[in-house]
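Participant: First to last, the sequence lines map onto chains A and B.
Using our numbering, read the first sequence as starting at 1 and increasing by one per residue.
Using our numbering, read the second sequence as starting at 48 and increasing by one per residue.
Pairwise CB distance ranges, derived in the manner of DEER restraints:
id : chain 1 : residue 1 : chain 2 : residue 2 : range
1  : B       : Arg-134   : A       : Ile-10    : 48 to 54 Å
2  : B       : Phe-237   : A       : Leu-6     : 18 to 24 Å
3  : B       : Ser-269   : A       : Val-18    : 25 to 31 Å
4  : A       : Ile-10    : B       : Leu-502   : 32 to 38 Å
5  : B       : Val-190   : A       : Ile-7     : 37 to 43 Å
6  : A       : Asp-43    : B       : Ala-419   : 30 to 36 Å
Simulated from the structure, these hints should not be mistaken for laboratory data.
None of these values were measured; they are calculated from a predicted model.
Where is the CB? At the ideal position from N, CA and C, for every residue including glycine.
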Amino acid sequence: MSSIALIMMISTITVVTVITGYFFWKVLKTPPREEPDSFSENDDEKR
Amino acid sequence: MAQQKEAWGSRVGLILAMAGNAVGLGNFLRFPVQAIQNGGGAFIIPYIVCFLLMGIPLLWVEWASGRFGGTRGHHSTPFILDSMDKRKFWKYIGVFGIFTNLAVAAYYCYLESWTLSWVWHTVTRSFAGQSQEEVAGFFGDYVGLNSVEPIIFWIICLVLNTWILSKGLSGGVEKVAKIGMPLLILFGVFLAVMAVSLKAGEHGAINGGSVGLNFLWTPDFSTIWSPKVWLAAAGQIFFTLSVGMGSIQCYASYVRKKDDIALNAMSAGWMNEFVEVVLGAAIIIPISVGYLGVDKVIEMTKSGGLGLGFRTLPFLFEQWGTVLAIICGVFWFGLLFFAGITSSLAMGTPWMGFMTDEFGWSRQKGAWSFGAIVLILGLPTVLFFNQGVFDEYDYWAGTVSLVVFALAEIILFAWVFGMKRGMQEINSGGDIQVPKIFGFVIKWITPILLLGVFLGALITPAGNDWAGALQNGWVLDNGSIIKQITNSGLKEQIAAAQTAGDQALVDTLTEKKLYINASRLLLLAVFGGVAYLVYIAYRKRIKEGRFV
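Okay, chain A solo, but in the shape it has when bound (with noise of 0.2 Å):
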């Protein structure tokens, strides 16, 4: 492969892949919301 093509294709799969990696880091690291929230598998836990 040619320099800059394996720049282009490095730096572009490197930054989606962090960005697309933190944003859903971020929502499982979230604490949900108290109840009564959007979603209905937590509805009978304790809070």
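Fit chain B to the supplied structure of chain A, relying on the hints for placement.
Facilitator: This is chain B only, laid out in the frame that chain A set:
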């Protein structure tokens, strides 16, 4: 009739369902072809810019509009839009958000059924020992309905979609997304590794995987200021995110006001970008270039990615031996199937939401009626695929309608609902604070970009040569909306066939014109039918005193 209360099961499930709605066959078949045709690696610059200035703002607008309407008891765009302004015509603009989903599902489910069928044929070794021409011919025979098999797979696919929809959001759609999205990513990573690690001389490959990647990612910076490239990038962003359809608003309408949408929209949107840019770019082109060479792939991409995906890849997988051919074929078409079904399920929910809200239908009745409509509306795309009905649905419902609706909804959100209220709505309950600059972007930049995409499609110059059109006079391309309406391209072909004295071709093309015009009338009838239902619902609401 009893109504079941819909809700999402979990936040991750909602995000995966939203990402699944966006991730479709286009991520793997359309994006790499668009990149190749529009400057290679340089395409990613306008693509990312358009994602930031058009894609992300539209995602926020649709999530916010959906949640705003949902808190007022509306789960489909006619009355979501209606709740955002006192003028009465918005609910008829909102008809697009149901019509588009019905019409796109009608042909998309057929496309989805091909992936199921190709999984079956991979496992049963139908492609074993076939030449490239034979595999390509298999596709031609299939869509030419040389047997009833395509109809059987289509019906299976429709019943599967309808059955899942009848299980509701958390019990059906979300469960499929939770299984389908991780599997899709797993399959994609496996195939990307296989493609990239391809070595010249092994299993008959003439190039290594890096040759295809080099071909795809080498930037041609001379194209960067071309309007054609920017329009292609904006179009790709637009279609990959499934904005302008009404399904995002529907999904978001089940989110409460105090819960986040700003971060959720970002997470789902970027997940789609990961699948498209990282996985989508690393499979089809490296494998195709590895076996066919750059010139042949350039030639093949002129007819889009479907040809490579269905006519060519099964043959190329066979070069890797029986075991890998089965694994890779199942993974590739399985990946496309999951990409397809998570999108087609989203197309069913606006209709179901509308009928439940307005006519008190049960979830099951909504789902099975959706299946019945898609069956009736989709039948012409199956039976008359070669007469251009499939492409006609794709053009008017899957392309033009999306841009028109997105343009209307962003004008409503930014200019009528107002950006002050709009930003408050986006940030309400947010786990991230949307930067204020996006208020300006949503009000000015996104509508201008959308208008550019619409005008670019409306008056596309001949050969997509914008510079030439500005200098030498504007001649419309036969692919422009104006010329499409008048069937100019087809008329030219008929005239040329008449001049050449080829009566058989004249008859074929005349018949095609008839089918194309009939399919347009059918689509118009569907739009009119949904608009009439909205009118009845409106009268019903007035009668019941349901308007505040």
